[in-house]
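Participant: Single-letter residue listing:
Number of protein chains: 2
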Amino acid sequence: MRRVGIIGAGMTNFGEHWEEGFRDLVVDAGLKALTDAGISGDRIDAGYIGTMASGSLIGQEHIGGLLADYMGLNPIPITRVEGACASGSLALRQGFMAVASGMHDIVVVGGVEKMTDLSVNAVSDILGGAGDQEWELFLGATFPGIYALMARRHMQEFGTTEEMLASAAVKNHYNGARNKYAQFQRELTMEQVLTSKMIADPLKILDCSPITDGAAGIVLAPMDMAESFTKKPIEIIASAQASDTIALHSRQTLTGLKAAEIAAKTAYKMANLSPKDINLAEVHDCFTIAEIIAIEDLGFFPKGEGGPASLEGKTKLDGEIPINTSGGLKACGHPVGATGVKQAVEITWQLRGIAEGRQIKDANIGLSHNVGGSGATAVVHIYKA
Amino acid sequence: MRRVGIIGAGMTNFGEHWEEGFRDLVVDAGLKALTDAGISGDRIDAGYIGTMASGSLIGQEHIGGLLADYMGLNPIPITRVEGACASGSLALRQGFMAVASGMHDIVVVGGVEKMTDLSVNAVSDILGGAGDQEWELFLGATFPGIYALMARRHMQEFGTTEEMLASAAVKNHYNGARNKYAQFQRELTMEQVLTSKMIADPLKILDCSPITDGAAGIVLAPMDMAESFTKKPIEIIASAQASDTIALHSRQTLTGLKAAEIAAKTAYKMANLSPKDINLAEVHDCFTIAEIIAIEDLGFFPKGEGGPASLEGKTKLDGEIPINTSGGLKACGHPVGATGVKQAVEITWQLRGIAEGRQIKDANIGLSHNVGGSGATAVVHIYKA
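As you go down the protein sequences, you meet chains A and B in turn. Residue 385, in my numbering, is where the first sequence stops; the numbers in between run on with no holes. Residue 385, in my numbering, is where the second sequence stops; the numbers in between run on with no holes.
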């Protein structure tokens, strides 16, 4: 396989884009990524786009064809990839393979979701499609409810507290307040999180990521071509994906995501690295408990010690392993299909040293962790400056 | 890139499966493909699944995660790919790249759609997502209407007649009557087609492919491993994809699909072959006019001569280039996301010499042509015995 690098990255602001459509968002992010790479559309050989539920959210499928057209990229092939909330990382992974295989040289990868044009109830029903609709959601479970079950079990087994969960939200809002692309650019106090409205005990509204519009884009090239485009290509040194049962009730454990553990192990092996080699990570904090579980699944902290580590500040910007410098899904926002690509954008900026206001010192190796639904799909990428 | 071969193929019956769900269909097709390959699930390294509109049709997204679970394949990665009616071929193409790149060895590829549980009107609205919803379908265009525009223009420019269109349906029903997996296993007369109910002038109901449930599966392996599984692996010697504008009104021509022409040229170049080297083809006859256009776009007949060629029987089982030996979308049925994979299954059976009742003599090279929507995506694969 050929070595693959990121030569361009860009994203829209994340938030409520009531005056822009799905197409506008992707074109905006795509052009930013191309501009960043200093490349014009006629150099692009293929594309991948991650989006979860455009069919239900805006009535439009065939997103690859649509975007080839609206990006002015006809006749190059663009392919849509879907894996619920992990759709963006799956698109990145297909782009990685297309370049690694030698099938294509310059590949653009995008992620997008336009979610705020429907009611919150309608969007929640649609997002239920990320879980086992027939055996979970149609029977009354909700996604906050599913993650609340994980939280309660984690609390029972390891003594994780509501304060520990809340500390992830407080930290992510602190980071988001330093990211001009974030949906929520304001800090939160521990008390605000703990006293916010209960959604699914023990998760409060401020433990949950929001509904968001947004898009992000990345341009990939073989490493031996990458340096002709940019002085600092970011190499993707590992791409791994794993699966688990789609319904929570079939899992062997509720306190970890087996798919994430396996994807992480596979990725570390591919990169010939261990968790202690990672300088920063973007992880899938759809709920605060998800971040606590993620930092354990990724091997940054032993099982059961994610909560105390978060409360003690070990995952802050100046902590031993900074997590979600972008603000994460919680504060940067979670336009579902865009999230995985946004994670790659943030890591790229950090490894280039241009993450203004939230830059990590000596960042050379970054990791992204993106989860579909409650963990039936997990994708881990490792990046090197 | 490594050479890639098909070592197993299988499909469900196509038709109205009121007593089976989406999950049952995929598991059925997947197990048939694995059984055909003589392989157990623990040998599979990864999977791809093509489905267009599961979110809208059955409320379920995250199809990769779902199927890894229901196929008993956890924790291997399975990824959903979508490109409207070309979703199946896009899944095959991603599987091809995953093996070609060296990322994975044994890869299962599936296609599925469960369509008959909703009303015809609801399904038609959902299928509109294959076109430009905002600028075509939401404004009143229908898919039969869009293809009728192509038909009328083809008739005006080249003198194509309604009989020529109908001849494709008559031929495909003849073939379908010889395929035990086909939705319609009965022959039609020219008169039956010509006097059937008008849908969008000049297309009648018997010029249109039906709404169908079904699934199909393929198992891929590197050619240097393939012979340890089967005496006759079918090599995929070309995989090409191209795009065009999503809306018909932006096209340079209505009488050909530019994306299909480009994908075909790319595929012939990759295989170092020309149209005259192809022994048989499965093409995307969502409407009869689509088959006439396809056999021209693929270079089997000069522009404008597809209609007369069809009427003269040149595309029949014993003609100079047999087209849609399976019965095509018209008679075999069109479970949208499954169609591209079904085409690969039919070509595999023909190249192995086991297409009972409809076997082509001396079939060594086959081609499949799969189109998304009205032509914004086209995918061409070439296969060698």
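Among these hints, one or two may not hold up.
Identical chains share a label here; the pair holds if one copy fits it or two copies do between them.
[Stated by the list, open to error] Lysine to aspartate or glutamate pairs mimicking EDC-like chemistry, simulated, CA-CA at most 20 Å apart:
hint: 1; residue 1: K316; residue 2: E356
hint: 2; residue 1: K265; residue 2: D45
hint: 3; residue 1: K180; residue 2: E356
hint: 4; residue 1: K258; residue 2: D28
hint: 5; residue 1: K361; residue 2: E20
hint: 6; residue 1: K258; residue 2: D45
hint: 7; residue 1: K269; residue 2: D45
hint: 8; residue 1: K314; residue 2: E163
hint: 9; residue 1: K265; residue 2: D42
hint: 10; residue 1: K384; residue 2: D201
hint: 11; residue 1: K269; residue 2: D105
hint: 12; residue 1: K265; residue 2: D318
hint: 13; residue 1: K314; residue 2: E16
hint: 14; residue 1: K258; residue 2: D69
hint: 15; residue 1: K276; residue 2: D201
hint: 16; residue 1: K276; residue 2: E235
hint: 17; residue 1: K316; residue 2: E305
hint: 18; residue 1: K265; residue 2: E312
hint: 19; residue 1: K258; residue 2: D42
hint: 20; residue 1: K32; residue 2: D42
hint: 21; residue 1: K232; residue 2: E20
The hints are simulated quantities; they were obtained by calculation from the structure and are not laboratory data. Predicted, not measured: the structure shown is a model, and the values here were computed from it.
Participant: The structure should be examined with respect to each hint, and the outcome stated for every one.
Facilitator: Now for the hints, and whether the structure bears them out:
Taking the shortest Cα distances, K316 and E356 sit within 20 Å of each other inside one copy (16 Å), while across copies they are farther apart (66 Å). With identical chains, the CA atoms of K265 and D45 are at most 20 Å apart between copies only, with a shortest distance of 16 Å across copies and 32 Å within one. In the homo-oligomer, the alpha carbons of K180 and E356 lie at most 20 Å apart inside one protomer (9 Å), although the nearest pairing across protomers, at 64 Å, exceeds that limit. Taking identical chains as interchangeable, the C-alpha atoms of K258 and D28 are never at most 20 Å apart, the minima being 36 Å within one chain and 27 Å between chains.
For a Cα distance limit of 20 Å, the shortest separation of K361 from E20 qualifies neither inside one copy, at 36 Å, nor across copies, at 56 Å. Proximity of K258 and D45 under a CA criterion of 20 Å is satisfied inter-copy only: 17 Å between copies versus 35 Å inside one chain copy. For the identical chains of this complex, K269 and D45 are inter-copy neighbours only, at 16 Å across copies versus 30 Å inside a copy, given an alpha-carbon limit of 20 Å. Proximity of K314 to E163 under the C-alpha cut-off of 20 Å is restricted to the intra-copy arrangement: shortest distance 15 Å within a copy versus 75 Å between copies.
Taking identical chains as interchangeable, the C-alpha atoms of K265 and D42 lie at most 20 Å apart only when they sit on different chains, with a minimum of 19 Å there against 38 Å within one chain. Taking the shortest alpha-carbon separations for K384 and D201, neither the intra-copy value of 39 Å nor the inter-copy value of 59 Å comes in at or below 20 Å. Taking the shortest alpha-carbon separations for K269 and D105, only the inter-copy value of 18 Å comes in at or below 20 Å, while the best intra-copy value is 25 Å. For the homomeric pair K265 and D318, neither the shortest alpha-carbon distance inside one copy (26 Å) nor that between copies (55 Å) is at most 20 Å.
In this homomeric assembly, K314 and E16 never come within 20 Å of each other (Cα to Cα): the closest approach is 32 Å inside a single copy and 57 Å across copies. Taking the closest pair of Cα atoms, K258 and D69 come within 20 Å of each other only across two copies (13 Å); inside a single copy the shortest separation is 39 Å, beyond that limit. For a Cα distance limit of 20 Å, the shortest separation of K276 from D201 qualifies neither inside one copy, at 34 Å, nor across copies, at 67 Å. When the C-alpha separation of K276 and E235 is checked against a cutoff of 20 Å, the pair qualifies only within one copy, where the shortest distance is 19 Å, while the shortest distance between copies is 44 Å.
In this homomeric assembly, K316 and E305 come within 20 Å of each other (Cα to Cα) only inside a single copy, at 16 Å, whereas the closest approach across copies is 69 Å. For the identical chains of this complex, K265 and E312 are neighbours neither inside a copy (26 Å) nor across copies (61 Å), given an alpha-carbon limit of 20 Å. Only between protomers do K258 and D42 lie at most 20 Å apart by alpha-carbon distance; the minimum there is 17 Å, versus 42 Å within a single protomer. When the C-alpha separation of K32 and D42 is checked against a cutoff of 20 Å, the pair qualifies only within one copy, where the shortest distance is 15 Å, while the shortest distance between copies is 43 Å.
Taking the shortest Cα distances, K232 and E20 never come within 20 Å of each other, neither inside one copy (33 Å) nor across copies (53 Å).
The earlier numbered hints that this structure contradicts are 4, 5, 10, 12, 13, 15, 18 and 21.
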